[in-house]
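Q: These protein sequence lines are chains Z and C, in that order.
So in my numbering, spot 271 of the first sequence is number 631, and the numbers just go up one at a time.
So in my numbering, spot 221 of the second sequence is number 227, and the numbers just go up one at a time.
Hint data in this document are derived by calculation from the structure and do not stem from the laboratory.
From the three backbone atoms N, C-alpha and C, an ideal C-beta is built for every residue, glycine too.
Some hints could be false.
[Claimed, not checked] Anything over 10 Å on all C-beta distances counts as not near chain C; from chain Z, calculated:
id	residue
1	GLY374
2	GLY398
3	ASP485
4	ASP487
5	ALA521
6	GLU522
7	ILE605
8	VAL610
9	LYS613
10	GLU645
[What the hints assert, rightly or not] Dumping the calculated DSS-like pairs for lysine-lysine here, alpha-carbon to alpha-carbon at most 30 Å:
id	chain 1	residue 1	chain 2	residue 2
11	C	LYS26	Z	LYS481
12	C	LYS172	Z	LYS621
13	C	LYS180	Z	LYS538
14	C	LYS204	Z	LYS556
15	C	LYS194	Z	LYS556
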Amino acid sequence: MKSGSNLEKILEAGHFAFTGELGPPQGANVEAVRKKAGYLKGIVDAVNITDNQTAVVRMSSWAAGLIAIQEGLEPNFQMVCRDRNRIAMQSDILGAYAHGIRNMLCLSGDHQQFGNHPLTKGVFDIDSIQLISMVKQMRDEKKFLNGDEIDGPPQIFIGAAENPFAEPLEWRVHRLAKKVSAGADFIQTQCIYDMKIFREWMKQANDMGLTEKVHILAGITPLKSGGMARYMAKNVSGIIIPDEIIDRVVKAKKPAEEGIKICVEQIEELKEMKGVHGVHLMAIEWEHRVPEIAERAKMLPRPKV
Amino acid sequence: MIVGERKPLEEIKEMLKDYKKVLNVGCGGCTSICLSGGQREVMLLNDDLQNAFQGNPVSIQFDGFTIERQCNADFFSELDEMVKNYDAVLSMACGAGVQFVAERYPDRPVFPALNTIFVGADRDVGWYEENCRTCGDCILGETAGICPVTRCAKSLFNGPCGGTSKDGKCEVSKETPCAWYEIYDRLKKQGRLSNIMKVRPAREWHNQTRRVLIHEAYKQRYAK
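Just chain Z, with the same shape it has in the complex (with noise of 0.2 Å):
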C-alpha cells in the first residue's frame, strides 16, 4: 500500500470505486461543510474537494477536507498549480499528511482570469505533471523537490485529472501516459458526455498497456436543466455534449430527473467498460442527490475494505 487510504484499498481489491465532490463555501461557513458533508457519508469512497475551483476563493480545500473528515468521509485533496509555489504547495501537502489526509489530486487549475480575482499573479511555478512527480518523490524517495530529505514523508496516494474530450483529442492518451509515468496512482476524467470517443480513448489506454498502471475513475455531472446543458456545451471549453443529450434534457418535462436517468445510464454502462475502476461523480452544487443516483446506479452499500 502506498498511502493506505480507503479509495486506495478499494481499488487495489479490485471493487469498483466511487468518489464524489464537495466544493468548500466562500466563507468559513463550517455548517456548510458538514451539511455537504452529510449527503455523501457512506455512499462514495472519497470526495474530492476542490481547490478555490473557477478561481473563486473559497475556503480552503485542505481545511475543508479536514472537516469532512470529522464528519466521517475521507478526502480526496485537490491542488492546483495556480496559487502556490513549490514551497507553499509541499509545505501544505505535508501539513495535510499530517492531519489525516491520504489523497491528492493534482491540477493545473482554472485560469485567474475566470475567477473574482481576475488579475492576480498567476503563480504555475510548476505543472499539473511536475506536481505529480513531486508527490511521487516526497511520498517514495522521502525528498524534497530539491533533494533535501524528508522528516516523516507523505504517504499520498496521487490522483490526477485527464480530459479525453478536448483538441488535440489524438495527443489525450499520451498525456495520460505522460501522468502515469510521472506518478499518478488514479485517474479522474472530465466529466463524459460523449461516450463514443470516450471509449475511443479508454481503447487507446488499454492498447497501450496505460490501465495496468493506473486506475481510471470516468468522471459524471448530472445535467440538471436544458439551461445547464446548452450552456456547457457551448461555453466549457474541452467539454464534448453530444446533441441528442441536449434534446434529451431540454424537451424532458422534468429536466432533472431525465438528467439523473441519463447519469445512472451512463455509470451502467461504465462499469462494464475495460479498463474503468469506478466514476466519479461531480455533482455540482447537487450534493443532495447523490445518495439517490448512488441508490440507482446500483453503488450502494459501499465495500468495507
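Following the hints, position chain C against chain Z.
A: Relative to chain Z, chain C alone:
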C-alpha cells in the same frame, strides 16, 4: 523589440502638474518602431499636454527632443546640457530607458510616458504580439519555435491542459490560440512529437532576481 503603449493622458498630466518646464525625451529605438515613443509621438504627446493644461493658472512649457536610444549612455551627450534648463523630464522610452535617464540626471525628476508591455514582434503594421518573457532558459528548440512560457496562459511545460477548445483555442479567450495545440501540430508535421512525450521536469527560474550579463570577451575589462 520591446513594445510600449502610451499611458492615459490623465495619468501623465497628474505626474507633471507641479512643474513649469518639462522636457519630453523620445527614443529612436524600439518604442519609436512600435509607434509609441519616437519623434512623432513626442510631438503628439506635447500637443495633447499643452491642450490638457490649457486654462491652468500656471502655464507649463513642454519641449521635445529625441535621441537615438535611451538604453545606452553614448547617446546622451546632447541631452546633458539641455536637461539643465528643465525642472522635469518625461521619457517615452521603455522602462529600461526611463531608468537610464533617471540614473543619468539624478537631480531631476524623471517620469515614464509609456507602459512597457512586452517583448514581441510585428504581426502587421501597428499590430504587435508578445512572444518572449525573457525567462533566461530557452526551450524553443524543443517546442517547435513556440514559447509555452509566454504563449500558454498557464505557462505549462507539459501541456496542453484540458481547456483547449475544438478549434484549438485557449480557454481564456476564443481569440487566443492554444500554444500547446500549435506546438503539437507543428512537431507532428516535423515528425518530432517525441520531443514532448517525456515528462519535462520542474524548471529552475533564473529570472527571479535582477540579472546582469557581462559578455565573455569583456569579463577581464570589468573584473574588480
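Q: Each of the hints needs a verdict: does it hold here or not?
A: Now the hints, each set against the structure:
1. GLY374: The assertion about Z/GLY374 holds, with a minimum of 28 Å to chain C.
2. GLY398: holds (31 Å)
3. ASP485: violated (7 Å)
4. ASP487: violated (4 Å)
5. ALA521: It is violated; Z/ALA521 is separated from chain C by about 7 Å at its closest Cβ, not greater than 10 Å.
6. GLU522: The claim breaks: Z/GLU522 does not keep its Cβ more than 10 Å from every Cβ of chain C (closest is about 7 Å).
7. ILE605: The claim holds: Z/ILE605 sits with its nearest Cβ about 16 Å from chain C, beyond 10 Å.
8. VAL610: The claim stands: Z/VAL610 keeps its Cβ more than 10 Å from every Cβ of chain C (closest is about 21 Å).
9. LYS613: holds (31 Å)
10. GLU645: holds (21 Å)
11. C/LYS26 to Z/LYS481: violated (39 Å)
12. C/LYS172 to Z/LYS621: Holds: C/LYS172 and Z/LYS621 sit about 28 Å apart, inside 30 Å.
13. C/LYS180 to Z/LYS538: holds (27 Å)
14. C/LYS204 to Z/LYS556: The hint holds at about 28 Å.
15. C/LYS194 to Z/LYS556: holds (25 Å)
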